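Plus 38 on top of the position in the sequence shown (first one is 1) and you've got our numbering.
Don't read these hints as lab results, they were simulated from the structure.
The model shown is predicted, which means the values in this text are computed figures rather than measured ones.
Even glycine gets a Cβ: it sits at the ideal position worked out from N, Cα and C.
Pairwise CB distance ranges (calculated):
| # | residue 1 | residue 2 | range |
| --- | --- | --- | --- |
| 1 | Gly129 | Arg170 | 40 to 50 Å |
| 2 | Arg162 | Arg70 | 13 to 23 Å |
| 3 | Gly129 | Glu152 | 46 to 56 Å |
| 4 | Ser43 | Gly167 | 57 to 67 Å |
| 5 | Arg73 | Thr172 | 19 to 29 Å |
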Amino acid sequence: MPRRSTELLQEFIVIVIGVFVALAAESWWSEREDRRIEREIREDMVAEFEANIRILEADLAANEGARPRMAILEGLSSEALMALTDEQMTGIFSPPFDWSGFDPAMGTVQALVESGNLAVVSDREMRLGLARWTGLLENPPLQPPGGPVPAAGSDALIRPGSGGRTVVGQRTTRAADTSQSVPDTFRHHGG
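Using the sequences and the hints given, assemble the complete structure.
This is the structure we're talking about:
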């Protein structure tokens, strides 16, 4: 009996060790798969954000052409504006006034957020940023974080109002937004 119980105990220990090894291997494989998925997501986001930089640069370039024409109107008094004929207005806005708004590609981020699979991103700060990304694009602040910028002589977008001008938004600074590459946070490939 003691020999039989020793054999049973040894078999039990081998089985328990085998189960623990299998669980550890499954956990390792799952973690490895999560990091592979995260790496693919980061690569897709880098490509998407780089495309967004190109889109933003093209929009800024298109909008730069409208600035001199807007300056002509800004310098006129209300009476002078009212006195302009249709032909004169057409001449000012020829080629036609067309304002390009930033419409970023955001399929990768949106798909990740909507899938509820943000946990695959190991960086907590990045997860929070991704969760907020869509909301930031839908409701952007009209002013830079430092406060309002005066409309006169600045890059403010203005709208004529009763008794003066109303600032309705701020054009972002080209150097700050477009000369930077994609943040290193998105380039990190994890373990």
